[in-house]
Structures are given as structure tokens and as C-alpha cells.
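If you read the protein sequences in the order shown, they are chains S, A, V and H.
Residue numbers for the first sequence follow my numbering, beginning at 49 and rising by one.
Residue numbers for the second sequence follow my numbering, beginning at 49 and rising by one.
Residue numbers for the third sequence follow my numbering, beginning at 49 and rising by one.
Residue numbers for the fourth sequence follow my numbering, beginning at 49 and rising by one.
These aren't lab readings, by the way, just hints derived from the structure by calculation.
A hint or two may mislead.
[Claimed, not checked] Here are the simulated SDA-like cross-link-like pairs (lysine to any residue), alpha carbons at most 25 angstroms apart as the crow flies:
1) Lys-377/S with Pro-399/V
2) Lys-377/H with Lys-120/A
3) Lys-174/H with Pro-64/A
4) Lys-177/V with Gln-293/S
5) Lys-120/H with Phe-472/V
6) Lys-377/S with Ser-395/V
7) Lys-377/S with Asp-331/S
8) Lys-97/H with Lys-177/V
9) Lys-194/H with Lys-120/A
10) Lys-74/H with Met-485/V
11) Lys-174/H with Asp-371/H
12) Lys-59/A with Arg-233/A
13) Lys-120/A with Pro-483/S
14) Lys-377/H with Arg-233/A
Protein chains: 4
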Amino acid sequence: MVNDSKHFLVKELGTPSFPSPLNLSKRDGDQLANYVPNDERVVLNTSLKEICNEIEQGHVPLSFERAGPREKIFFDPSKCKVGIVTCGGLCPGINDVIRALVMQLSWWYRVKTIYGFRFGYLGMVKESKLQPLLLDADLVSDIHEKGGSILGSSRGPQDIERMVDYLMDYKINILFCIGGDGTLRGTQEITDEILKRGLPISVIGIPKTIDNDIQYIEKTFGFETAFSEAVEAIRAAHVEAKGGQYGIGMVKLMGRQSGYIAANAALASQDVNFCLIPECSFDLEGPNGLYHHLRTRLENRGHAVIVVAEGVGQKYVQTNAKDASGNTKLGDIGTFLRDDIKRYFQSVDFPANIRYIDPSYIIRSAKTLPSDSIYCSQLAQNAVHAGMAGKTGMLVGIWNNQFTHVPIKIAIEQRKVLDIESEFWLNVIESTGQPRMMQNNSPA
Amino acid sequence: MVNDSKHFLVKELGTPSFPSPLNLSKRDGDQLANYVPNDERVVLNTSLKEICNEIEQGHVPLSFERAGPREKIFFDPSKCKVGIVTCGGLCPGINDVIRALVMQLSWWYRVKTIYGFRFGYLGMVKESKLQPLLLDADLVSDIHEKGGSILGSSRGPQDIERMVDYLMDYKINILFCIGGDGTLRGTQEITDEILKRGLPISVIGIPKTIDNDIQYIEKTFGFETAFSEAVEAIRAAHVEAKGGQYGIGMVKLMGRQSGYIAANAALASQDVNFCLIPECSFDLEGPNGLYHHLRTRLENRGHAVIVVAEGVGQKYVQTNAKDASGNTKLGDIGTFLRDDIKRYFQSVDFPANIRYIDPSYIIRSAKTLPSDSIYCSQLAQNAVHAGMAGKTGMLVGIWNNQFTHVPIKIAIEQRKVLDIESEFWLNVIESTGQPRMMQNNSPA
Amino acid sequence: MVNDSKHFLVKELGTPSFPSPLNLSKRDGDQLANYVPNDERVVLNTSLKEICNEIEQGHVPLSFERAGPREKIFFDPSKCKVGIVTCGGLCPGINDVIRALVMQLSWWYRVKTIYGFRFGYLGMVKESKLQPLLLDADLVSDIHEKGGSILGSSRGPQDIERMVDYLMDYKINILFCIGGDGTLRGTQEITDEILKRGLPISVIGIPKTIDNDIQYIEKTFGFETAFSEAVEAIRAAHVEAKGGQYGIGMVKLMGRQSGYIAANAALASQDVNFCLIPECSFDLEGPNGLYHHLRTRLENRGHAVIVVAEGVGQKYVQTNAKDASGNTKLGDIGTFLRDDIKRYFQSVDFPANIRYIDPSYIIRSAKTLPSDSIYCSQLAQNAVHAGMAGKTGMLVGIWNNQFTHVPIKIAIEQRKVLDIESEFWLNVIESTGQPRMMQNNSPA
Amino acid sequence: MVNDSKHFLVKELGTPSFPSPLNLSKRDGDQLANYVPNDERVVLNTSLKEICNEIEQGHVPLSFERAGPREKIFFDPSKCKVGIVTCGGLCPGINDVIRALVMQLSWWYRVKTIYGFRFGYLGMVKESKLQPLLLDADLVSDIHEKGGSILGSSRGPQDIERMVDYLMDYKINILFCIGGDGTLRGTQEITDEILKRGLPISVIGIPKTIDNDIQYIEKTFGFETAFSEAVEAIRAAHVEAKGGQYGIGMVKLMGRQSGYIAANAALASQDVNFCLIPECSFDLEGPNGLYHHLRTRLENRGHAVIVVAEGVGQKYVQTNAKDASGNTKLGDIGTFLRDDIKRYFQSVDFPANIRYIDPSYIIRSAKTLPSDSIYCSQLAQNAVHAGMAGKTGMLVGIWNNQFTHVPIKIAIEQRKVLDIESEFWLNVIESTGQPRMMQNNSPA
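Build the full structure now, drawing on both the sequences and the hints.
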């Protein structure tokens with residue numbers, strides 16, 4: 049009965065034996081927050097019907113370990129040394145996370161030594177000669193007011209063994225890795241190497257991906273800020289589209305394999321007529337292709353706004369290059385579509401005008417919105433609780449609005465993508481008015 | 049086994065018999081969204097342990113009916129007439145909700161007649177001589193870009209029978225009430241009168257309260273925008289506090305019985321030192337009172353920021369007046385504290401300076417943030433699905449990130465308040481650094 | 049003595065004979081604004097020394113006619129018909145100008161017929177079959193809250209005679225042309241054709257150029273909003289630059305021949321290290337070239353921010369194409385520099401990272417800032433005063449903070465460029481810390 | 049002939065003898081900015097007619113000394129010590145000014161010692177035991193991103209002799225005073241005491257008043273940011289006014305004796321119907337009183353927006369108290385009007401609703417807008433040039449868009465007020481549609 053949930057079991061370095069310095073409560077009614085028992089779990093699926101089905105069939109419903117402060121912790125705070133590293137592309141909220149990690153560690157757990165490794169994994173190998181920053185409450189107190197990462201970041205892996213050597217050199221007990229898919233693969237390997245060496249080092253990941261595409265994590269930090277910024281670019285495209293006869297405004301947004309930013313920004317702006325995401329294939333030409341529908345829109349309404357996620361239509365712009373993180377370099381579908389739409393309308397002698405906007409880094413370097421700030425703080429606080437309790441090889445996440453622990457291994461098995469059968473995507477379709485499918489050999 | 053969940057059963061006007069015009073799917077794998085079966089339910093509690101306990105004891109876990117488009121609907125869209133009314137104080141997102149109701153009704157259900165009643169319940173009695181607006185897609189297409197309500201609002205009840213007469217005069221089939229606690233009591237009474245008369249009129253509430261204090265609704269629309277705006281006022285108070293020797297910046301925020309805005313804004317801003325909410329009593333004087341701790345903070349750090357929810361400390365400022373909605377008029381704790389803090393520091397001859405900010409309506413009349421816009425649209429779309437399906441006496445809500453149907457009766461039994469034993473409040477305490485309790489006869 | 053100022057004399061259609069309906073005053077002390085006498089003039093040069101020199105030499109100092117309401121006007125408001133056209137690229141504030149023209153004409157001069165021609169000069173030839181909009185106070189009351197132009201715009205000339213025919217068809221008395229350099233050449237030609245035909249049609253230009261490059265106009269509307277928006281893009285570039293080891297953030301901004309946007313945005317942001325404008329040549333390679341100084345900056349400070357105006361360095365990216373307005377199409381210096389900087393640092397084996405941002409239309413489609421809104425209103429109001437007074441072939445402008453009348457002919461003789469010997473440019477240089485000259489054969 | 053301009057002659061400590069370290073040019077054409085000769089002056093009045101009249105009558109037109117870098121300076125930069133103090137209420141841009149002072153002094157003049165006195169004049173007397181901050185480029189590099197003053201401020205005078213003693217103790221050569229009317233009176237007294245003692249200390253004022261009410265200064269820094277922020281409060285009032293039947297939205301803005309903020313914010317927002325400023329008296333009751341016109345507006349349009357400057361209608365709310373700066377404490381016209389408007393409409397049985405917004409400190413603690421940032425930098429740079437050149441007892445100002453030197457004595461003789469016979473006020477009247485006069489015994 050237990051083995052269904054085995055995939056979500058989180059590793060621990062050992063039995064926690066130190067009392068938590070948080071001085072929380074173990075009972076209700078005393079107006080004081082309680083410790084979270086280690087066996088508290090949050091169900092994956094909230095459908096009453098499916099839960100009952102599972103149980104009738106003798107299964108325990110799948111669930112995640114609940115995050116939160118533990119009564120007993122694994123590390124002696126007075127001797128604990130911590131490292132923080134930020135990897136991959138920037139994303140709103142990194143500094144909020146760093147700040148909250150440092151505040152929670154130093155104010156509440158009384159940890160005295162916190163290193164900030166510089167420029168991602170690069171700063172975790174001796175050869176790079178990058179000195180870590182020593183972080184404390186004063187140094188980080190205002191950093192949440194700025195975008196970016198005060199530690200800097202970089203793409204690409206470093207030698208796993210050297211990084212573990214480095215952690216040993218600095219006598220690190222807990223490593224917090226703030227990073228995305230590529231980073232987390234490295235985090236998993238670091239964890240494995242640490243376990244192989246039998247070291248008492250906890251490795252906690254805080255998932256960072258502006259694309260919101262990590263499995264079993266309802267929402268990544270910075271995502272809301274990012275799509276909210278994107279709405280501004282769409283507004284500009286809408287103004288431009290309406291500013292000319294048969295004007296088309298097109299915006300390229302982030303989204304390598306998942307269209308969350310494009311879909312959310314389109315839904316929030318209400319001005320988008322075509323939202324193109326990687327999860328939903330489409331044809332350009334033909335009677336049910338994009339261009340035909342675009343032309344019809346222009347004829348009827350005089351203007352149109354298109355949002356395209358960067359990962360869309362790679363068959364038209366394929367490259368074989370890879371970036372330093374090992375991701376395939378995407379071809380630029382934005383400029384391709386801009387030019388090809390021009391070509392199409394010239395070929396049919398229709399006087400359309402296209403204006404193309406690529407807001408690029410403007411979106412990811414924004415200051416976090418207040419709700420995202422709160423979320424960043426909470427993720428970081430729960431990451432600290434997990435690390436101090438001796439958890440390892442895990443991510444802090446959120447599921448059904450509860451903070452959870454998710455084994456990294458499971459989380460990186462595949463990317464989260466937008467379900468095009470969901471009501472959310474239906475909402476987008478309803479909002480844009482675009483055809484449900486724009487493929488010539490599919491039912492419209 | 050079923051009777052545990054009886055409180056959350058939603059009334060229906062009858063058996064839906066018309067096919068939905070939405071043309072959705074009933075199966076997975078066809079790249080098309082599915083109708084939501086009427087027996088889909090979302091569990092209230094996501095704790096694996098508690099769910100298993102319930103079931104072991106022979107109970108069905110409590111759950112809400114899941115919202116969403118139904119395959120069969122109750123009203124014939126071609127003949128359906130709809131009314132929309134907005135009541136009570138303004139709140140970010142009302143226009144987003146109105147817009148999405150109209151868009152969903154007219155574009156997707158092909159409803160032809162949508163009335164917008166003017167100025168709340170006042171516009172639903174013949175005597176007020178207020179003509180309803182006829183709403184259509186063109187009229188509402190840009191209204192989400194503005195704060196407020198294009199329909200206008202008012203406080204206070206009107207005669208229930210006259211309002212139902214009015215609905216009959218206009219041959220209304222579905223009434224959407226956008227309003228808060230007071231409004232929803234009226235909505236419930238309208239529903240009861242309709243059921244008493246045996247009329248085929250569905251009444252759907254869309255909960256609107258900037259205080260986020262409606263039971264069984266995870267988050268009300270506009271709330272995120274409101275507390276995000278409040279962060280700006282706190283920023284100003286922080287600047288003022290630091291601008292003078294021993295400067296105190298104090299901000300009064302909304303929150304009659306619930307401190308959600310104050311707590312979220314304080315947590316997001318990271319600059320607050322004392323967050324005072326109605327859920328958490330405190331003393332002003334004495335060795336563990338606010339003034340003592342405030343003075344200590346000033347001595348140590350030179351400045352302090354206080355956020356106070358309007359419903360706090362009513363014992364000091366009690367009035368017996370009531371507003372038109374029947375709410376007790378709150379005494380003004382903000383100006384009381386401003387003056388009393390001055391008095392206190394003069395009495396102890398300490399040169400503190402206090403600057404007081406009451407952002408009042410600035411917060412509630414803001415344009416919605418993008419994520420709130422999306423939420424408003426989704427609430428409205430699900431309200432339309434519910435109304436067309438013949439549900440009545442219910443609210444659309446959200447729970448565990450799923451849209452739900454909640455009987456109004458249950459939702460208004462009591463206000464939702466912030467649990468001061470929650471991790472969320474712990475986070476606020478940790479962020480402000482204020483004592484867990486500021487009462488002289490309680491354990492600090 | 050008079051002939052020195054002949055270049056700035058404004059043409060008039062005839063002697064104004066109708067009393068102004070504005071009911072203003074002709075004397076001080078009655079708490080009522082005064083009419084502006086037609087011989088009020090504003091000196092070009094405010095240097096006491098130079099004014100005295102001129103006068104000593106028997107010259108009248110150069111001056112502009114002062115704008116403002118005249119006591120007598122040329123057109124009978126009750127019969128006057130007005131046309132408005134917006135041409136060329138979008139710019140913040142166009143809708144503010146349209147709104148203020150309509151408000152001033154209809155509320156204060158009681159003009160009853162105001163046409164808005166669609167999509168620039170295209171909407172002023174019968175062949176385009178574009179019907180003009182009839183504009184009134186209700187229709188324009190909220191348009192200033194949106195970017196863009198409600199009339200739409202287009203580039204490129206139309207046949208002058210046909211446009212004048214069209215004005216005759218619609219019995220237009222005053223034509224307001226909102227447009228930039230190219231447009232104003234057309235405006236001048238329309239004026240000439242009207243004068244040739246002896247028609248009583250006044251032509252008033254309102255200079256629109258986001259580049260702020262019109263001679264004898266201190267500041268064009270929308271310019272402040274535009275460079276303020278650009279500051280956001282620079283902020284993003286700065287975040288990106290600091291986010292990586294040896295990070296370079298580069299932003300391309302508008303500015304075909306004049307670097308005003310780049311220079312103002314750089315000065316306002318304080319984060320720019322190299323500001324490249326068309327007025328100031330520079331070398332890329334060599335001991336005093338950009339790349340050398342960029343490398344030095346990276347070595348010393350670890351990151352760098354570059355702002356480049358689009359008109360810079362055209363020798364590297366020359367094209368021979370022209371756009372519809374007849375402007376030479378600029379080669380894309382932004383992507384050229386991005387790629388060439390990469391190439392350079394690879395060639396010298398230095399691990400720099402460049403992130404490139406092209407905010408493009410985001411900047412020009414923004415809602416106007418409050419001070420720009422005021423300026424737009426004032427320009428429009430003065431344009432109406434001038435048109436009603438029968439002035440023609442002129443622009444409304446501002447000089448020494450006074451609104452003025454400037455003959456179009458003079459204004460378009462050459463572009464206004466930033467004086468690199470000015471204190472303003474010195475301020476930019478001081479703020480960026482860049483070398484005064486980056487040319488190998490010039491004194492650094 | 050010269051004596052007409054004597055009022056604007058600026059005092060100097062002596063003949064400058066050190067070469068400026070700025071390495072600027074003395075001739076045109078070398079692509080390098082020039083030093084400003086000490087006899088460059090900017091005419092006060094730009095009217096050609098009035099200039100010619102003056103000269104014909106044998107007078108030299110009034111003029112200000114032009115600011116800018118001088119070829120010879122009075123202080124030896126290597127030995128020069130500088131103090132900076134900020135006094136009075138906060139205002140947007142103070143940190144921008146401090147930053148630019150420090151940058152200009154340390155980077156360009158190579159001054160090594162810059163003290164920031166804490167909390168206004170309070171920090172310039174030994175008795176307060178406040179240690180000055182030592183300022184350098186690193187410390188100030190990011191301060192412009194925050195509102196307020198990093199030095200803190202205070203109201204009220206200190207003993208002049210003790211302050212001069214303090215300057216002597218710290219061997220200060222140049223004191224920069226950032227402050228308003230009250231402060232500048234102190235600045236003048238400090239200057240007089242210094243001259244009396246024959247000390248080589250230059251005193252340079254940088255006028256700071258959010259009310260923009262300093263004579264001979266076209267615009268004070270922060271003013272544009274302040275009224276732009278105020279537009280947001282007006283927007284909220286407009287939303288509230290339209291949100292209820294016969295809704296009135298009222299906003300109180302700063303403006304003790306001058307209505308610049310109210311008038312500019314009203315003009316920029318376009319949503320104001322009544323703008324009440326201290327310069328323009330009005331009656332409340334009677335056939336031409338505010339209440340009558342307000343009621344007419346409500347009857348015709350259903351809502352109204354009022355902006356009231358704090359200094360308005362003091363006869364209704366008179367107090368005799370004074371604040372620490374010696375300003376008469378204003379009675380609160382905002383809450384008076386709110387209550388009295390309620391009373392009036394109840395007395396005439398008209399169902400109006402009033403919502404009152406007092407944004408107070410929110411407006412003055414805002415981060416500066418980009419154009420204001422630039423202005424702050426330029427003011428500070430010119431202040432440094434003036435101080436290094438040995439000028440004293442003067443303000444840096446701007447006139448006809450040129451930076452100028454203005455003797456403090458002249459500038460504080462009277463407040464600058466808005467001329468209600470100006471075209472600017474006419475624009476406001478036209479925009480609001482309010483009567484030109486609302487007084488019963490005056491011509492409407």
C-alpha cells in the first residue's frame with residue numbers, strides 16, 4: 049500500500065537530534081505556530097472521486113512530504129556552514145530568495161557562516177579563482193529591491209567531483225542551489241557524489257525557471273512577475289497594430305517547451321488574437337493555417353496581435369547548436385515569422401504591416417511583484433527548514449497551495465507542459481478567439 | 049457516509065436539458081477541453097493523514113463541487129436574459145469580472161440580452177428610476193483597463209420582494225451579484241424569495257471583498273492588487289521613517305476583521321517592524337506593550353514602520369454608528385494611534401516623530417494586476433457556466449487552485465480570519481521581528 | 049533693422065475680423081487671462097551680452113512670434129470645419145494632442161465639425177476610400193489614457209494636389225498635421241498649393257518626432273515619456289550585465305541623426321558606461337577605440353552597460369534601402385555591435401558575455417507621463433489659437449518655455465542635433481565616465 | 049545703467065586663482081565643452097518688446113549670472129573640505145542631488161573630504177552629538193534609486209553661531225544646503241555670519257520645495273515627480289466618484305501658498321472638475337459658490353472630482369499653531385470640506401456621496417522620475433561649480449532653461465505664486481470647466 053508513493057520520498061542525511069531554536073509549539077490553541085510533523089503529506093490529486101477510487105483499490109493516494117519547520121534538526125546551528133549558488137538565466141526574485149535564505153538562517157537558526165558562491169557552478173571550482181562572498185543580514189537587507197542576482201550566475205556544468213571537493217574545502221553543511229532544469233541535474237549529481245562519499249552535506253534545490261516548466265511544482269518563483277511584464281510588451285504591440293491600416297503587432301516571449309508565459313500574458317492582456325505555444329502545433333499556410341486566419345482577422349477587424357513563445361515552430365528555424373547549459377539553441381521563430389508574414393502578405397498583395405517586439409531580458413530582470421516577493425520568501429524559509437532538518441536531494445515546491453518537498457530526481461524526469469485540454473487553455477482560446485486548432489488535417 | 053458533506057451541496061433549479069453550445073469534449077486525447085461532470089468534487093483538506101482518518105472512520109471527506117462547463121445546461125441560451133449587479137465598496141477587478149461575464153455569455157453561450165443594473169441593489173428597485181445598461185461585447189471591451197465599476201455601486205439593502213419583482217419585470221433568468229458579505233446576505237434572501245415563488249431564476253454570487261475574508265474562498269479577486277498597492281504606501285512610510293531622527297512611519301490599511309492585506313503587504317515589503325491585525329490582540333502600554341517595543345526599536349535602529357489594519361484596537365475608538373450596509377462603523381484607529389503615540393513619546397520625553405499615511409481609496413481603485421485579471425476572468429467564466437447550468441444560491445470560489453461552487457449560506461456563516469498559528473503569520477512575525485505577543489499578561 | 053528676423057515671420061491668410069469667443073481680457077489686474085497681442089515676440093538668444101551686441105550693431109535680435117489666444121480671429125467658428133491628420137511613426141502623446149485639439153475647438157471655440165483623417169496622408173486622398181472619423185468631445189474624452197493614435201498613421205507622401213482637392217471636398221478651413229520631418233515637408237507643400245489656389249485654408253503643424261530633432265523647437269511632445277521608458281530598458285541591461293562574469297548589457301535606442309533619447313536616458317539612469325550617439329564619431333578598434341575601453345572597464349569593474357542610438361556607426365552597416373517616408377533605412381548597428389563585440393572578445397580570448405536589448409516599439413507606444421500630457425495639451429491649444437487666427441504654414445513650438453509660432457520652412461531646413469560641446473553632453477560624459485573622444489587620431 | 053540688475057549680483061569670496069581640474073575648452077569647434085565666462089548672464093524677460101523698451105530707456109535688462117564650470121576656481125581641490133545638509137520636509141530627488149554633489153566633487157574636482165551632516169541643521173550643532181557621515185562615490189552610488197534623504201532631515205532653526213563654529217571645527221570650505229524657504233533664511237544667516245567672521249567658506253543653496261514656490265527659480269527639483277504622483281491619487285478619486293450615484297471624489301494636495309501641484313496634477317489628469325488653489329479665492333455658498341456649481345455638475349454629469357491645495361480656505365480652518373520651521377500650521381481644509389460638503393448636500397436633501405483621499409507623504413517620498421533625475425544632477429553639478437569658484441550666499445536655479453546663480457536674499461523675499469491671469473491657469477480652467485471665478489460678488 050505504501051509503495052505507490054515511493055517516488056516522492058525524500059532522502060535524509062540521518063536522524064535529526066538537535067532541538068530547533070525556533071521555539072514553536074506542538075499544540076493548537078496557544079496562538080503560536082506549530083512544528084510540522086515529518087509524516088505530514090499533501091495529496092497530489094484533490095479529486096474526491098479519484099482519491100476514493102485509489103483507496104478502494106487498496107492504494108495510498110500519491111502525496112508529497114509537507115515542508116515546514118521541524119521540531120528536531122540535523123545540524124547544530126552554531127557550527128553549521130552554508131553555501132548558496134545561483135545558476136542559469138536570470139529570473140525575477142533571485143535576490144528575494146537569497147535575502148530570505150540569509151535572514152532565516154542568520155536570524156532564526158543563528159547560523160553564523162553563509163557563503164555566496166559567485167557566478168553559478170563556476171564559483172564552486174577552485175580553478176576559477178572566484179572568492180565566495182560572505183553573506184549576512186546587513187549585506188542582503190535591500191537586495192530584494194533589485195532585479196538579477198547579487199551572486200551573479202553562469203550557464204553550464206562544472207566537474208562534479210571538484211565541486212564536492214570545494215564544498216569540503218569550505219566545510220559546507222548545506223548547499224542551496226537556485227537553478228532550473230539544467231542546474232538541477234547538476235544538483236542531483238552533486239547529491240549523489242556527496243552520498244557516495246558519505247558526507248554530511250545537505251543539498252536543497254530551489255527551482256528557478258521563468259518558463260514555469262518544472263514537474264510537480266505548481267508555480268516557480270518569478271513566473272508571475274515575468275508574465276506580468278510581458279503584458280506591457282503586448283500592450284505596446286496592440287497600440288502598434290491599431291496604429292496602422294491592417295497592422296499586425298507580434299511579440300516573442302520566453303517559453304522553450306512550455307507556453308505558460310505566452311498563455312498567461314495573453315489571457316491577462318485580453319488584446320491577443322493568436323497565442324502560439326510549443327504544446328499546440330499549427331500550420332502556417334493552407335485553409336486552416338495561421339496566415340489564412342490572420343488575414344481573415346485583418347479583413348474583419350483591421351488589426352491583429354500575435355504572441356509567440358520562443359520554442360514554437362522549430363521545424364522552420366532549426367539549428368544544431370547548443371548553449372553552455374546543454375540546451376539546444378532555439379532558432380529564432382520571432383524574426384522568421386516577422387519576415388515570413390511580410391512575404392505572405394506581399395505574395396497575396398494585401399497591404400498588411402507588421403511590427404515585431406522582442407522584449408527579451410526586460411522581462412526577466414524586473415523587480416519582483418509583491419506576491420512573488422512573498423512566494424520567494426516562503427520558498428526560501430522552507431528550504432532552510434528542510435536543509436537544517438537534514439533533507440537532501442530535494443526541491444522545495446508548492447502543491448495545492450502547500451509548501452512541499454519534492455525529490456529532484458522525480459522533478460527533472462520531464463518538463464511540465466501546458467495541458468491543451470485544460471480549462472486554462474480553453475480560457476486562452478476563448479479570450480483570443482483563435483481557432484482551437486490551426487492544422488489543415490485536423491478538425492477545426 | 050454522504051451526510052458529512054451536505055453543507056456544501058449546491059442547489060439547482062432543475063435538470064439541465066439543453067446541450068451546451070460550447071462544443072467541448074467528453075474524452076481525453078482529442079486536444080480539446082472536456083466538460084466537467086457534475087459529480088466532480090474537490091476535497092477540502094489535502095492532508096493525506098486526515099483524509100485516510102476520515103475514510104477509516106467511514107466518513108466521506110468534505111468536498112466542494114467543482115466548477116466548469118457542463119455538457120447539459122438548464123437555460124435555452126437563445127432566450128436567456130441575464131442581469132449583473134455590483135454592490136458594496138469598490139475593489140480592483142470588478143470591471144474585469146463584468147467584462148468576462150459579458151464576453152462569456154455573449155460570445156460563447158450566445159446570450160443576447162444582458163442588463164447591467166446601476167449602483168448596486170438600488171438599481172434593482174423600480175422606485176429608484178435607474179435604467180439598466182444594456183451590455184454587449186463592444187461596450188465592455190476596454191473596461192478592464194480602468195479601476196472601479198462601470199455599473200456603479202452602492203451600499204445597503206433594498207426590499208427583497210421589490211427586487212424579485214424587478215427581476216420578473218425584466219424577465220431575468222440569471223442574476224450575477226458581485227458583492228461582499230453584506231451583499232451576499234441579500235443575495236441569499238433574493239434566492240430564497242425566488243425559490244419560494246418557484247421562479248426559474250438562477251442567482252450566482254461572485255465574492256468581492258478586498259479584505260479576502262470570505263470563508264471557503266481561498267482568495268478573493270482584487271485582493272492581490274490591493275495588497276500590492278499597499279506596499280507602495282509602506283514604502284513611503286519607510287522613506288519618511290528614515291528621513292527623520294527617531295522617525296516612525298505608520299500606514300493604515302483595510303481589514304475590518306481580517307488582517308490579510310496588512311499581513312501580506314508587510315511580508316511583501318520587508319520594511320515593516322510592527323504589523324497590527326484584528327486577529328492578534330495587543331496592549332499599548334506596559335512592559336510588553338506596543339509602545340515599549342516601539343521605543344526599543346527606535347533606540348536600537350533609529351526608525352520604525354508600523355502597519356495597522358483598520359479593524360484593530362476598536363476598544364480604543366469604539367463608535368456605535370453603522371454604515372448603509374449595516375456594518376458597524378469602525379472608529380479610526382489610525383488617527384488615534386498617531387495621536388496617542390505622539391502623546392506617549394512626549395510623556396517619556398523621547399524625541400520621536402511620527403508620519404501617518406492613510407492611502408484609503410488609492411488601494412481599492414487601482415487597475416488590476418495581470419494575475420488578478422486572469423483570476424477575475426476565470427471566476428466570471430465559471431460563474432457563467434454555473435448560471436447556465438441552473439445552479440443557484442451559490443458562489444464561485446477557488447480551493448486548492450480549483451474553481452468550485454460554494455453555497456452562499458455556508459460561506460456567510462462567519463468571516464474568514466487569518467490563523468495566527470499558521471506558518472504564514474509566523475513568516476510575518478519573522479519578517480517584522482515583532483514579538484509574537486505584545487500582551488502584558490501573556491508569554492512573550 | 050527688421051530684416052534679420054524675417055526668417056521667422058509667419059504667414060497669415062488675411063486680417064482677422066471675428067471677435068474671439070474666449071472672452072479673455074486685455075488688461076492686467078482683473079484676474080482673467082489676457083489675449084496675446086500679435087506683435088509679442090520671444091527672443092531666440094537669452095544671453096544678455098549677445099542681445100546687447102546685436103542692438104549695438106543696429107540689429108533687432110532674432111525672435112519668434114509668441115503663440116496664444118488672439119483677440120480677433122480669422123474664421124467664423126460657427127461655420128469653421130477642421131481636419132486632423134497624424135502621420136509617420138507613433139510617439140507618446142498623439143492621442144493627448146488629438147484630444148486637446150478637439151476639446152479646445154469644440155468647447156471653447158464652438159467649432160462644430162471636426163474630421164479625423166485616417167492613417168496619415170493616405171486618408172486624405174479620395175482613392176484610399178478611407179472615411180474620416182467625426183470627432184467630438186465624447187469620443188475623445190478618454191483617449192489620452194492610451195498610447196498610439198486613434199486615427200492611425202502611415203508613412204509616405206500622397207499626391208499634393210489630390211490632398212488639397214480632398215480638403216476642398218470636405219470644405220476644411222483648418223488642417224492640423226501632427227507629424228515629423230517627412231510629414232512636415234508634405235505639410236509645407238500642401239500649404240504652398242493652398243496659397244497657390246488662393247484658398248482660405250490654414251495649415252498648422254504640430255511637430256512629432258520621438259528623436260526631438262526639430263530645429264527651433266526646444267522639446268517635442270512625447271520625448272520625455274520616450275526616454276523615461278528607455279531608462280527601464282537600461283535598468284534591465286544593467287541587471288543582466290551584473291548578472292554574469294564580465295557581463296555587457298547593451299541597449300539600442302531610437303535616434304536616427306540625433307542622440308537625445310540615448311543621452312537623456314543614459315544621464316537619467318546613471319548606470320551607463322558608454323553612450324554612443326550619431327553626433328560623436330568613434331572607432332571600434334585601436335588603442336583609443338570602443339573595444340579597448342570596454343575591455344578595460346570589464347577588467348576593472350567586471351561589467352559594462354552600453355547605450356547605442358540607432359543612427360550610430362552607419363558606415364559599418366550601410367544599406368541603400370529607403371522607407372515609405374523616404375528616409376534612408378538604417379542598417380542595424382545594434383545586432384552588428386552585439387556580434388562584433390562577441391567576435392572581438394573571442395579574438396582576444398577574454399570571457400565577456402553580451403546581452404542585447406532592443407526595446408523598439410515598447411518605448412514609443414507608452415502612455416504619456418503627466419508632464420508630457422500637459423505639454424501636449426498646451427501645444428494643441430496653441431495650435432488651435434493659431435489656426436483660428438488664420439496663421440498658416442507654421443508649427444507650434446516652445447522656446448525659452450514660451451509657446452511660439454515657427455515657419456515650417458525654416459524648421460525643416462536641417463535637423464536639430466545634440467551639441468557635443470554643450471554642458472549637457474559634458475554631463476553625459478561625466479556620468480558615464482567614457483572618454484571624451486574614442487578616436488585613435490584625436491586627442492583623448 | 050548697471051544698477052537695475054544689482055539685485056541679482058552674486059557674492060564671491062575672492063578672486064579665483066586655481067586652474068579648474070576639469071580640463072575644458074575655451075573655444076568652439078574642438079568638440080569639447082567650454083568653461084562659462086563669469087560675465088555670462090541670462091535675461092530675465094524674453095519679450096523682444098520689453099527688452100527693446102528697456103534698452104531704449106537706457107537700462108540694462110535684468111539678468112541672472114549664468115551657472116557653469118569656471119576656468120579659475122577659488123578653492124584648492126586637494127585641500128577642500130565640503131559639507132552637505134538636507135533640511136525641511138522630504139521631496140523627491142534629494143538623494144539624486146546628494147549623489148551628484150558627491151560624484152562631481154570627488155570624481156571631477158578630486159575633493160577628498162565630504163561630510164554629510166545628519167538630520168538637517170540639528171546635525172550642525174555639536175550639542176546634538178550627531179556624527180556626520182563621510183560620503184564617497186561608493187557609498188552614494190545607488191542612493192538615487194530610493195526616495196527620501198540618506199542624511200535625514202529635520203525642521204527648525206539652530207543657533208547660527210554654533211553652526212558656524214561647527215563648520216570651523218570641521219574646517220569646511222563649502223557648505224551645500226538643500227532646503228526650502230525656511231532653511232534658506234537660515235542659510236542666508238549662516239552666510240552673513242561667515243562673512244562677518246571673514247571666513248573662506250562658501251555657502252551654496254539648492255532650493256528644495258515640493259510646492260515649487262521659490263521666486264526666480266522656474267522649477268524646483270522633485271516638483272514634476274510630485275505632481276505626477278498626485279495624478280494617481282486623482283485617478284483614484286475619479287474612479288470612486290464614478291463608482292457611486294452622485295459621487296464626489298476629493299483629493300487634498302500639497303501647496304501652502306502656491307497651487308502649482310494642484311494645478312499641474314489637475315491639468316495632467318484631465319479628470320478634475322474643480323481645482324482649488326490658494327491664489328484664487330472662492331465662496332462655498334451662494335449662487336456663484338462652489339457648492340452650487342458642484343451640485344449643478346452632479347445633476348448634469350452624475351459625478352465630480354475636486355482637487356484642493358492644502359493652503360486653500362484657511363479662513364474656515366484657522367489655527368494659530370506653528371511648526372518647527374516656523375511655518376503657520378495649516379488648518380485641515382480637506383477634512384473640513386469633506387464634512388461641510390456632506391452637511392451641505394444633506395441640508396438640501398441631495399443624495400451625494402463624497403470620498404476623500406489625502407495621499408500626503410506618498411507623493412513626496414516617491415523615487416524621482418527620469419527627467420527629474422537629470423535635473424537634480426544638473427543642479428548639483430552647477431552647485432559644485434559655483435562653490436568651487438568661491439560664490440556664496442546664492443542658489444543654483446534655472447531660468448529660460450539655463451542654469452543660473454540667484455542671490456538667496458532676493459529669492460526669499462517673497463513666495464512665487466501661480467499667476468491666475470496666466471495662460472497656464474486659463475488652461476486649467478478650460479480643462480476643468482470650472483467657473484473662472486466662484487465668488488458671489490465678482491463677475492463670473
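_Numbers of the earlier hints that this structure fails to satisfy, in rising order_ = 2, 3, 8, 9, 14
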